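Visitor: For reference, the chains in residue letters:
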Amino acid sequence: MSEQTTTITFKDRARSIAKDFGLPRLIITGFLVLLLVVSPFVGADLPTQISNIINRFSWNGILVLAMVPMVHSGCGLNFGLPLGIISGLLGATLSIELGFTGTMSFFMAILLATPFALVFGSVYGWLLNKIKGGEMMIATYVGFSSVSLMCMMWLLLPYHSPNMVWGMAGKGLRTTISLEGYYTQALAKILQINIGNLSIPTGALIFFALLAFLMWAFLHTKTGTAMTAVGSNPEFARSAGINVNKIRLISVVMSTWLAAIGILVYEQGFGFIQLYMAPFYMALPAVSAILIGGASVNKASIMNVIIGTILFQGIVTMTPTVMNNMIHLDMSEVIRIIVSNGMILYALTRKTEGAK
Amino acid sequence: MSKNSLGDYLRRFSVPLMFLLICAVCAPISGLSPSYLANEIVTRMGRNAFLILSLLIPIMAGMGLNFSMTLGAMAGEIGLILVCDWQIVGIPGMVLAMIISIPISALLGLFCGKVLNMAKGREMITSYIISFFINGIYQLVVLYLMGPVIPIKHGTIKLPRGYGVRNTVSLLSMRQKLDNLIPLTIAGVKIPVATFIIVFLLCLVIIWFRKTKLGQDMRAVGQDMEVARDAGIDVERTRIISMVLSTVFAGIGMIIYLQNMGNIATYSSHSQIGMFCIAALLVGGASVDKASIGNVFLGIILFHTMFIVAPKAGTVITGDSMIGEYFRVFVSYAVITVALIMYETNKRKNKSKESQQLALSQEEEVNG
Amino acid sequence: MGKAPLLEMKSIKKDFFGNQVLTDINLTLNEGEVIGLCGENGAGKSTLMKILFGADSIRETGGFGGDIILNGEKVSFQSPFDAIAAGIGMVHQEFSLIPGFTATENILLNRESKKKSVLSQLFSDRMDTLDRKDMDTRADEAIQKMGVNIDKNMLTSNMPVGHKQFTEIARELSKEQLKLLILDEPTAVLTEKEAEALLDSIRGMSKRGIAVIFITHRLGEILSVCDRVITMRDGYVVNESATKDTSVADITKWMVGRDVAGSDANHVTEDLGADKKIVMSIRKLWVDMPGETVRNVNLDVREGEILGIGGLAGQGKLGIPNGVMGLYQAGGTVTFEGNDIPLNNPRKCLDSSFAFVSEDRRGVGLLLDESLEWNISFPAMQIQDKFLKKYLGGMIKWRDDSAIKAVTDKYIDELKIKCTSSTQKAKELSGGNQQKVCLAKAFALEPKLLFVSEPTRGIDVGAKSLVLDALKKFNKEKGVTIVMVSSELEELRRTCDRIAIVSGGKVAGILPAGEQLEKFGELMLQNC
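Chains as they are written, first to last, in the numbering used here: chain A, 1 to 356; chain B, 1 to 368; chain C, 1 to 528.
Source of the hints: derived by calculation from the structure; they are not laboratory data. Being a predicted model, the structure only gives us computed values, none of them experimental. C-beta atoms are modelled at their ideal positions from N, C-alpha and C, and glycine is treated no differently. A hint or two may mislead.
Capping the alpha-carbon separation at 35 Å, the derived lysine-lysine pairs in DSBU-like fashion look like this [what the hints assert, rightly or not]:
no., chain 1, residue 1, chain 2, residue 2
1, B, K347, C, K425
2, C, K164, B, K114
3, C, K425, A, K222
4, B, K211, C, K179
5, C, K284, B, K349
6, C, K164, B, K347
7, C, K390, C, K427
8, A, K299, B, K114
9, A, K222, C, K472
10, C, K397, A, K299
11, B, K114, C, K50
Quick partial rundown of chain A residues pointing at chain C, CB under 10 Å, derived from the structure [to be verified]:
no., residue
12, T223
13, G224
14, T225
15, T228
With the rest of the complex left out, here is chain A (with noise of 0.2 Å):
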């Protein structure tokens, strides 16, 4: 082999970009821009769109952020999202249940989910270290068994506030629990914009942002650039001293975490808590958004992030008004699923980059 550098001429970085980019994701990218420019012309109200998706990402932003650890420390996508979203869900009930009300509610269910958080981030950190290379199948089954699980729980652990339980048994959680009175909009209305039809709310974007800059930082620190280094290659991590079990269960923790603060977020948002079922397959959106930003199974960034989740909550908001004024017939669901499992498998049959 002879010594020579190859010179990176700036076409070539410029494709090599186009390839890292990606076929689905430039078409994704694409069709979401021609929603928005039809818009306009088929009746649909463009600043009333915009703030759609700008509320939108405001509630799901956090949980696509979820993903970034795990992929960080090599644990692959964390389809085991459901675990985490648990434990937002048992802070957010405890928190009524105990009587707090408004935005105090929102940050004791913080507070109360945290602890389950690390419990459950540990065991399932544990567990993950212990079958290494196959993450991300046990990931999902973890994640339903552990969501029928909570759906028993639901029903018998002994909730009494009114406001949760089964009007006529006494007894039981409702599927859907409005927050009216407690944290719905907690982070939305503090500093909300309004201009027109175009709304934004402020508080919860900065709370996104604060949360996806300490995640930045974190990346930075000692810690976390251990952490990419084990995603990177676990073999290398270990000749540097690193405890690589260690470090990935962090990550997975630090997933965990998320997870619960993100559906704590979702649901000041959407203005209800959802039980038994619901959970079960939250895990697959933030999975395609964060793969349609241009992560992949090994690498992700906050910009991914960002811009998975614009893309993603832009198509599932835009399809449907764009295409029922359009043909009235409304396909979003379905286009939903084609483009978001597509995504997803797009990502799993791409080879690895680098030798692992």
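With chain A fixed as given, assemble chains B and C onto it according to the hints.
Guide: Frame of chain A, contents of chains B and C only:
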């Protein structure tokens, strides 16, 4: 050595034993009569056996649990919907539906096999996502293309808006036609003889298949792809064939399943079927890399007994009928989770056992 | 014999990207003849056999020069399958067996006996059923031909290693067209008794008219079974003689002997540093590194020296640094400056100021997808808290990117790493530059003791001397003790003060670097 194998033996059958225990506890509590139970289990045996048997071939080829067997189920449903619209009834209708489903299943199986060849080492999660992806395509076809593109005439099938298929399609014209083809009742238990004959035939085919060259190649590919390739076996093609076969069998199995049910829930019949079939197979003592016909039947008996008695027992114990419902869903998922974990940890354990042995022998040498 | 030879290889040449690995090789082989092929690792034996066997890796790297004539006809194999069809069989060092299959099934893998069935007429012949009875007969025949008895119904996963080897040989013998069998170090995994049986079996094959090329490091075996022995060195055939005219000592000399001119003259043959302090001592070390097992190694390292560890591949030399550094399961005691170093814990080794440059550059040595900055600074950052800014009394340890860039640029400069910038990804560099990055990573730790494993593997000549010079300089200027493992004896002799030769997982002996080559050769083959 013998002690070790006894432990292995126990571990292999720990899941069936656990289910035996659950059933033994719940059955008396549920208060269901033995004859009712027997009837139900025989019915479910006929209903599910064919579907579950379709899972065996990919396991043989080392591709794990075929979560994308739902692809075949969708193909079977499309066949049935079309046949219903053409108003072909009874057994001829079923046969025609099967004939329609086979090319669709084969195509989907081919697609699935190709994708899985691109995702070696993560077949299961990929096949799982494929099932979601194709579900989207299926909805596109059934909800939007059936009507304008694929002609659907009958008002009981078409949605009032003029295109798309209704949520439920009644199969009254072929309901249990196969099951009742040869009527037989023993001690109050109705036996679907014709269905059992077909299941039996499939078992024979699978046994025979294991003895063929192709079956041997699949076993080789399943155990070590590289060695098989070095020996000149076309690994990719063999894997694709196993997926195609599995999907085609699943399609036929779905038609048998639905003729017993008597109607199609157009948008949800297939979605859970993969999960319940896999859970039943695992309950029968199968693992991700090893499954036999015996596992299928033991699995159906144990899993479906649990399925029948759990809600009743749950109602009796807690007074809430939902508890039992959720319990059986939980158990289905939990059993798959445990099987997956056991499979992965065993893979790792085998590796570390090897190194332990080496270390031990070296230590002996050092000390000796 | 008068008959035309079975195989003739005429002026075979092969280069890998300009790097000549085989030069003008001529080889003839008669029917039923057994020849031994020996030479150090990298002498070109396996490349030659790959060419003969039509391996993909040869075609992918630009093919080869020269002709292969089999049975008087010029052949050109497009794949190993062509070679097999032409009657050449090869038993590789790695087993190619399906674990869950019986010996019979493995012997006849993809060549099973079949019975026609109705469905096979309809579809393809893959639907034929297997004819187990006929398979058993064929397997029996092959086992009988081999002359070593193995249980044909035993599952491969339950077999002892030796039986696996015999199953592979039986597979080749079951091929009716087999005329030439290549055995690549078949006795390495066998017990003495099994090896003896294999030699008998080779004699049997030869009687049946099957020619055998036998590659081994055990020279005694060659002498006892072969008709001729061919010795290769540096891509040349250096000697070809009838075994009856030669001896182990002769072959050893041919294997290692180079022209005694040039650099060697500078070296001293006495042990100069005997009075130096012992800085690290290894006692009763065993390491479970697959393919490089170490057994009961005792070794003392002197302060400030460069100690070489040499030996043939697979003898365990790589296991020593990997075991001490905790990357593979190990046992025994290691003391450094009087302190016990716990094994199986890489962190403790690094904390004791060890550093390690792994032989597996791409697998262990580098973060291929990350920048040079990360690669070079990572261990020092994690172990010694270098390149970090601390806030809130050390609570937050922030990566100091400018310090990292500074140190990376320093090493890029010092080691002349060719790259576009310090943020270029490691995978984009050439092998030699990647190796320099690995060195920089170790240097940045400022270790007291540095293990370097195969520092010049797979890099070109220019980079080789740069790397070796950098090591020497590091040793001289910083007084760092270096333990260097290499398969290339010549390179060890140029760089090290003393050289320990590992053979059969044990230290066969330690010699001053200037000692005569034959002495090293003897040690290398001692426990093989």
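Visitor: Determine for every hint whether it applies to the structure shown.
Guide: Structure-based check of each hint:
1. This hinted pair checks out: K347/B and K425/C have alpha carbons roughly 34 Å apart, not beyond 35 Å.
2. At most 35 Å may separate the alpha-carbon atoms for a hinted pair to count; K164/C and K114/B meet this at roughly 34 Å.
3. Between the alpha carbons of K425/C and K222/A the distance comes to roughly 20 Å, so the proposed pair stays at or under 35 Å and holds.
4. About 32 Å separates the Cα atoms of K211/B and K179/C, which keeps this hinted pair within 35 Å; it holds.
5. The suggested pairing of K284/C with K349/B holds, with an alpha-carbon distance near 27 Å, which does not exceed 35 Å.
6. As the CA atoms of K164/C and K347/B are separated by approximately 21 Å, the hinted pair is consistent with the 35 Å bound.
7. For the hint linking K390/C to K427/C, the alpha-carbon distance of about 31 Å falls within 35 Å, and the restraint holds.
8. Under the criterion of a C-alpha separation no larger than 35 Å, the hint pairing K299/A with K114/B is consistent with the structure, at around 25 Å.
9. Simply put, K222/A and K472/C have alpha-carbon atoms about 32 Å apart, close enough for the 35 Å limit, and the pair holds.
10. A threshold of 35 Å between alpha carbons decides the hint, and for K397/C with K299/A the separation of about 23 Å falls inside it, so the pair holds.
11. In summary, the hint linking K114/B to K50/C is supported, as the alpha carbons are separated by about 32 Å, within the 35 Å threshold.
12. Evaluation of the T223/A hint against chain C yields a held restraint, the C-beta minimum of about 8 Å falling below 10 Å.
13. Hint status for G224/A: holds, given a least beta-carbon distance of 8 Å to chain C, under 10 Å.
14. Taken as an interface hint, T225/A checks out: its beta carbon lies about 6 Å from the nearest beta carbon of chain C, inside 10 Å.
15. For T228/A, the shortest C-beta to C-beta distance to chain C is roughly 7 Å, which falls under 10 Å, so the interface hint holds.
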